[in-house]
Structures are given as structure tokens and as C-alpha cells.
Amino acid sequence: MAKGFYVSKLVAFVGIFFAVAALATIVALAVVYANEKNANKVENGGTTTTTTTTSTPTRTQTSTTTTTPKITTPASNEEWDKYRLPGHLVPVLYNVDLRPVLTKNAEGLYVFHGVSQAYFTCETPTRHVIIHSNKLNYTADPVLTDEGGNQISANKYFLVEKTNYLVLPLNVQLQAGRKYILHTTFVGELADDLAGFYRSEYVENGETKIIATTQMQAPDARKAFPCFDEPGLKANFSITIRHKPDYVALSNMNVLDVSNEQWQNEEWQVTKFATTPKMSTYLVAFIVSQFSAIGDERIKIWGRKTAIDGKQGDYALNVTGKILDFFESYYGVRYPLPKSDQVAIPDFSAGAMENWGLVTYRDTALLYDPLESSIGNKERVLTVIAHELAHQWFGNLVTIRWWNDLWLNEGFASYVEYLGADYAEPTWNIKDLTVLYDIHGVMGVDALASSHPLTSKEEDVNSPAEISSLFDSITYSKGAAVLRMLSSFLTEEIFVQGLRTYLREFEYGSTVYTDLWRHLQMAIDRNGIQLGSSIEAIMNTWVLQMGFPVVTIDTTRGLIEQQHFLLDPNATVTRPSEFHYLWIVPITYIIGSQPQQNFWLKQPADIHEPFNLTGQGNWLLANINETGYYRVNYDDGNWDRLLNQLNVDHSAIPLINRAQIINDAFNLARAQIVSTTRALETTKFLAKEVEYMPWQAALSSLNYFIQMFDLTEVYGPMKAYMKQQATPLFEYFKRITNDWTKIPDTLTEQYNEINALSMACRYEIPECGQLVTRLFNEWKNSGVNNIHPNLRYTVYCNAIQQGGVEEWNFAWEQFRNTTNAQEADKLRAALTCSKEPWILNRLLEFSLDPKMIRRQDTVSTINNVASNIIGQSLAWNFVRANWPKLRQQFGDSSFSFGGLITGISVRFSTEFDLKQLKQFKEDNKEVGFGTGARSLEQAIERTEANARWVNKNKAIVNQWFEGALNR
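Residue numbering for the sequence shown follows this note's numbering, beginning at 45 and increasing consecutively.
Some clues are possibly wrong.
[Said to hold, decoys possible] Straight-line Cα separation of at most 20 Å, SDA-like style, residue types lysine to any residue; simulated pairs:
hint: 1; residue 1: Lys-223; residue 2: Asn-249
hint: 2; residue 1: Lys-732; residue 2: Ile-717
hint: 3; residue 1: Lys-366; residue 2: Ile-338
[What the hints assert, rightly or not] FRET-style restraints, in silico, Cβ to Cβ:
hint: 4; residue 1: Ile-780; residue 2: Lys-962; range: 50 to 56 Å
hint: 5; residue 1: Ile-573; residue 2: Lys-962; range: 39 to 45 Å
hint: 6; residue 1: Lys-355; residue 2: Glu-622; range: 53 to 59 Å
hint: 7; residue 1: Ile-573; residue 2: Glu-970; range: 55 to 61 Å
hint: 8; residue 1: Val-617; residue 2: Lys-288; range: 54 to 60 Å
hint: 9; residue 1: Ala-649; residue 2: Glu-205; range: 52 to 58 Å
hint: 10; residue 1: Thr-618; residue 2: Ala-731; range: 31 to 37 Å
hint: 11; residue 1: Glu-502; residue 2: Glu-372; range: 31 to 37 Å
hint: 12; residue 1: Asn-362; residue 2: Ser-197; range: 58 to 64 Å
hint: 13; residue 1: Ile-573; residue 2: Glu-372; range: 22 to 28 Å
For the record, the hints were derived by calculation from the structure and aren't laboratory data. Where is the CB? At the ideal position from N, CA and C, for every residue including glycine.
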């Protein structure tokens, strides 16, 4: 699954699940479904029970009582009290037959009807069938038969709400080695909760259209049909979808047959799909829509008809084939399925989902319009497609056994997405950007005492909320960073050799992360490589403990040391580590631009004679191209020489390392390892820098200073200094773009042009304000938008900020009327730039109204308001006032709460802020925080650290900025 955000790429996947279907609703659904049942009774041991005679939802048998048993509260210590299945039964095949009805019933609900047969083998004797089921209403008693069709005597089934189980108690014991079939008929609600089998709506040519689609990861296949809903329990799936003739049905596999039937006096079609290979439940997908498509039998891009007709799927189609071909070569395994459908969904909780053969995306992550979409939108489409296609092998063909190893799936895809994207767009040099997108961002989270390791024990991850909380930046970005480091010190050739044998051994099966270490070790041994330690010994120090080291090199003594890097030196680490927070660290370095022999740091400290530069004028630079997941500090003399080199000729230092020096220095300063003035000194050379990566590293680092000081007297001299540094960059891009009329050639040049314009407006270079006002007014007055898509958000935001109600209302109308999802995102974000508190408060209210703001965009809208200095307190008050409503609306399995808490608290830096956070925690103990629980603890930790840092550094920072101005 791709990260559910865009622009920063630093936060984990935002997913949104809307809790619905109370017991009253379930009963109502049962009444609706009763019209479909036939009263054929089967006698079994004197007890009237039910069976299913066919997979067709219109022909089910029923018992004398069809009311669903009351959902139970789990008892003390029964098997169904536990979140993990007991392991007695192993699935083999599911026959799933579903009929989504895309019109409201008499109760005003959208429903789907289903019939399922779950075939499974009994591994150990048991007297219970325990299978996952959530918010499904059983319209006939489930029936168990053996392979010969003989019914197994059973008592009344019951449902367990907490653990999402359907439990069928048996009068006899199932025998090990025998196969059985669970027959069920059920009805569920097609809610707009973005989870399981759900409903999405959109307007096209003035008509509201409805689709039924799926999002099963992580624990929501059980909302679509009863199943053994754990990733390691793979099975085959035979899917049949019944739908109206003017709709098209899609699923993981190719269509086998389409036939017609009459249902409730209407014509319906029955689409039957080929049986899948063995796969996990969370990868099952089906869609019923009126979408259009382009492509061929192997690859199709699907979306809203107006979008596809407008050629918004063309870019995705162009790169999908290239990326599939690349990964077939990279993995050494043919793409396992006969087709690959890529589908743009109007309402989607994540960025995208790697369903095998039927990949689903947000509109913004698949559709690209050259006339409306920016270069950032194009890159987003490319990298998300690459991420999801990488999963078709790593994650789908070979799957993690349990969610505690989620990082292996998502971290791997987050690493190799850059390789696939680079193959499709070789001129972009996109592989370098993982340093900005993944490494720099996740280090800020992983440097907290409340961070967590990449992997954990299986027994520590159980509930849906615990599973969903793992979809964070540690899983995605740190996972990518450590795998990139591993590939770097092994070489990509050896890394791929191990990967290919791993895939071949475990295809259609499941693994734990140590299986990959074993195969990489085999590749190392075959090639006679000596690392001094095994792969497992090296990598476990990075996987089984949280955090990372700061490596300090003293060039006066040749001494190298490591210690656990914490942003707050006063923080207490309560999580124990068997490695005592020491790592086996691959050290790469150059001396005066000359590469040196790599070195392994395995101890707290070591002497490495080549590090001793006493009497030399050369500088030493470590962690070349930032392939290692660690920060680097130096003695004062080497820091001075590096900064002098940057100021004299910054091109002598590799591009990525120019960004690294800035990012390391600012974070070392926050941790009180180097002085704050040392960090600020790293920005002086930027007046001569035109490359994107160093500038972006500086802006990300200085953003912390803005958040801490923009309401204080420090901001005046800081703003003047930034204007001084940014003006040459603004003039540079004004010149090469012919006064902003043409677009630079390369990807990173286009990104840095955006930076140049944004800084010029933020720091009040007069020409910028005049430019954005003119461009916005020309659009408003003429109705023709000639603003280049790359610059639109910057122009919109600054024009709305400088303007008033008229500008805001114009942008709101454009947002409401645009049919381009990426343009809508730019406008929605720009609407939060207003200086009017009442407008921002109104927008916050809109964020909870799906008719105004789509549910998938609720969190990002609130966070965007919070990023506005005027809106921060408004957003914080709004979230506090609406927390119970948010918890009810988005549910326990949502993984949006972490990003929400982080976003609204990012500016907190006073004792008052800290008291408010703690009071918020206390006030909502009963309501709970779901997947935001860890983020709340991190927010408290960050606020405490921020308060100490501001108190210590405020005067120092003010003095430095005043002294750095050219007067």
C-alpha cells in the first residue's frame, strides 16, 4: 500500500475507516434480505438448520429462525477472545458470490448480498469453526459440511464483536487431515467508510454515479465475506459478481464468463472470474462501476469516463508496462497473473493498494493531465505505480506471515519504487530523492524516545488498531532506508541474487524477515564476500531496536564513536534493547574528494588511523551519498574545513552530501551535540547554490525555526536573512525561465523553481507578490487559467493570503467545480492559506461534511489549516472539541489519527502547550486515541523538548540572524 499523502512524503499511510452498522442497522438489513430466501428446511438430529445449495444469492435455504444472534462480549479466555485465529483450520479455497445493489433500499441504505463457501483443512481436532466476520448479517444459519456434502451437526452460531469472529459450535469434533466447507449467506451495508466492500460516489456531467469497491488491508476482508483474515493464511479465490448490465465488474483475475439473469424483475449480469493463485485475503479486490478504460488485455487503466476520455490515464499506461518489464527482470520471475488493471477511485483511504492484478489508487495517484497536473503530480503517479507494482512480487507472491513484519513489505516497496521509477524516467535522477523523501523525514521520528523498532514479536501486534498503527513512517521510510543501506554495502548485484532465490523458494507462501537474511547470506557466501559479520548479525541491530546512531569522527585523534541519537538529550528511553543501542555501522568516507576504504564500526568507539588528519588541510566527509542510516558529527576543526569548502567552492562536495551536512547539523544542534550557530552556518553558502536537494534540506530544517519563532521577535531578523539568501535564487530562476514564462528542463530544477517562488513570496520580495496577484486576477477576471500547473499552488495560496473573501470564494467555487482531482488538491490546500479566522473555522467545519470535503481529505485539510500560523490554534481547538465525533466517525482501525495529532501539535513549544496536550490526553481517556496513541506520546515528548530548546536558544538564534545580515 502506498503512503496516503502527497507533498511531504514524510508521514506514514493515512487510512480512513468510518465506523457504522449498529445492531439496529443489521436487523434492518436482515428484513430487506428476507425477500430473497426460500423456506427449504433440512433436518439434522432433530434440530432445524440451514445449508446452501448453490452459489447464487437468489437461491438460499433458511432455518425457522434467521435473526442474527446478538453480538457477544467475549468471555474470559475462550479461543474466540483472542485476536489471532487458533490455527486449527487452514483455508484452501473460497467461492464468493456477491451482488452489490447501487440504489438505496426502503431503509435508505445501500447493501450487498452474498453467498460464500469457505473450503478448509482441519490441522488439529476442534469442536469450533472460528472465522473472521465483521458487520455481516447472516440471513441463514451457517452450515458446515464435509467434502462429501454431509452436514456436520452444529449448535447456534454467534458473533464476537471485539475480535470480529463468527463462531459455529459443533456437536462433533472435526478430524485432523479432513477437509470441510463452511456455507454462509449474508448481507452487508455498502457504507461510505472506505473499508472492506464500500461505496464511493462522484459527479460526472451533472449526474451522481456510484461505485462499489474494496479496500481490504489490513483487517477488512472480513467486512466483505467471512474468511480466515490473516496474511499468512493464503488460499485460492473464485469470485462471482452480479451487477446491472450498464456496469462493469472487475476482480483480481480475468473474466471467465458473463451471463444474464432476472432478479427482482430486472435484468442483471453475472460476471465470473478465473480462480486466483494462492493469495492473502487482504489482496482480494472487486469493483463494480461505470468506469472507462484504455489499454490492452495485459494492462488497462480505469477511471471516470471524463478523465479517461480526457487522456488522464495515458501517462499511467505508458509507464506501467515499462515498470512491469523492469520488475520482471529485476526479480527474475515473470509477472504471476494474466493481467494488471490499475483503477483510479474517487474516494480512497490510502494512496494506493497493491491488490493482486487489480491495483486501486486515489485519483491523484494514477491520473495525470499535462494541462492541469504539475511535475510533482507526475512524479507522484510514477512512484506510486512503481511502489504498487513492486508489491506484485514482494508482498503478493511472497507475503509476510504476520503484520509485525509489515516493514518488510512496505519498506522494500518504498525502496525499489525508486528503481522502477528511474527505469521509466531515466533523466529524472529520481533515486537521489529518497534521501529527502524517506531518510531525512523518518529520522525526525526515529530520534524520539517513543519510537519503535521495525519489527516486533508477533504476539505484540494483535488488534486492528495495533495493526493499523504500524502503517507509519518507520515501516515505510526507515524500512526503505535500511534496505537501501543493505543493498549499498552488499552491492545491488548481490542483493538481487539473494532476493531472487528468496522469491523462488517462498512463492505463493509466507515468510518472516529472517528468511530474507538467510537468502542474502547465501548470495554472499556464493560470491566469497567477507563482511566480518553475518547479514543477520548486522541487520538485526537495525531491525530489532529502534533509533539509529550518531557517528562522531575526531580527525585530531583518528577516533570514531557511536551513540544512540536522540533529539531530546533529556529523554528517557524505556524500551530495552538486546544490542544496548549499538549498531554495526558501515562507514563510507572521502578525504579531500578522494574515496577511502570502507570501514565497519562495531564498538562504542574505535581508532581508525586514516581518520587522523592532524597537520593536514584536507577535510573528511563521511556517509557518502547518505547511503548509511546514521548521522555524522566531527571535531570543530573538520567542521570548520567543511564549511570553508562550502563557502569557497560548494561543488567540491557531492550534491547529496551538501544536503546531508545541513540536515545533520540542524538535528545535531537540536540534540545539543553541536551549537545552534554551527547549524546556521551551514546555510550561508546557499546564496550561491541553485540545486534543489541542499535548498530543500535547508528549508525543511529551517521550518523548525519558523514553527518555534514566527510569533516572536526572532522572526524579524530571520525573515530578513532568508530574503537575503533567497533573492539570488529567485533572480536565477527569473532569468532561466524568461521571467517565469518557461519551465526549467529537469525534475529538480522545476522543484527548485517552486521553492524560489515560494520563498520570494513568503519573505516579501515585492516582485513575487505582484506576480501572484496578477496571475490570479487574470484567471479570476477572464475565466481562463494560464498559470502553469507547477506554480499553481504557490500562486493560489499567496493570492488568497493577500486577498480577502472574494479571492477565497472564487477559489472555493473552482475547487467545487473542477473535475481534475490534482487541481482540486491544490485548491483545497490553498484555501487554508487565508488570514481570516472565520473563513478557516468554516473550512474546518466543512472538513467533517463529506458533501463539502471528501472523507479521504479530512485529516489533510485540518492539518493544512494547522500549518497556517493563524489557523493553528483554530485547528487545535476544533480537534479537541470534536475528538469524540472524529473517533466515532473514523473508527478504531483508522490510521489517520497519528498524522492528525502530529499535524496539529507541530508548533507546540511552551509549558502551556504541554499542559493542554496532557489535559487532552486525560479528557479523552474513555474515548481513546486509536492509532493516534503513539503519536500523542510523541507529541508530548516533542513539546517538552521544544520548550527546553526554545528557552536555551532563542537569544542565540536572534543574535546570529542579526549578525548574518549584509548591512
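20 Å Cα cutoff - pair Lys-732, Ile-717: violated (28 Å)
Is 50 to 56 Å a correct range for the gap between the Cβ atoms of Ile-780 and Lys-962? holds (51 Å)
Is it true that Ile-573 and Glu-970 lie within 55 to 61 Å of each other by Cβ? Given about 56 Å between the Cβ atoms, the range holds.
Per the hint of 31 to 37 Å, is the separation of the Cβ atoms of Thr-618 and Ala-731 within bounds? Given range 31 to 37 Å: violated, Cβ gap about 44 Å.
CB of Lys-355 to CB of Glu-622, is that within 53 to 59 Å? holds (56 Å)
Status of the given 31 to 37 Å range, CB of Glu-372 versus CB of Glu-502: holds (32 Å)
CB-CB spacing for Glu-205 and Ala-649 relative to the 52 to 58 Å hint: Check passed, 55 Å falls within 52 to 58 Å.
Status of the given 39 to 45 Å range, CB of Lys-962 versus CB of Ile-573: violated (52 Å)
Do Ile-573 and Glu-372 keep their Cβ atoms within the hinted range of 22 to 28 Å? With a Cβ separation near 27 Å, Ile-573 and Glu-372 satisfy 22 to 28 Å, so the hint holds.
Mind checking the alpha carbons of Lys-223 and Asn-249 for me, to see if they're no more than 20 Å apart? Status violated; Cα separation ~52 Å.
Taking the CB of Val-617 and the CB of Lys-288, does the distance hold inside 54 to 60 Å? Holds, since Val-617 and Lys-288 (Cβ atoms, about 59 Å apart) stay within the stated range.
Run the distance test for Lys-366 versus Ile-338: straight-line Cα separation, threshold 20 Å. Answer holds: Lys-366 to Ile-338 is near 16 Å, not above 20 Å.
When each numbered hint is compared with the structure, violations occur for hints 1, 2, 5 and 10.
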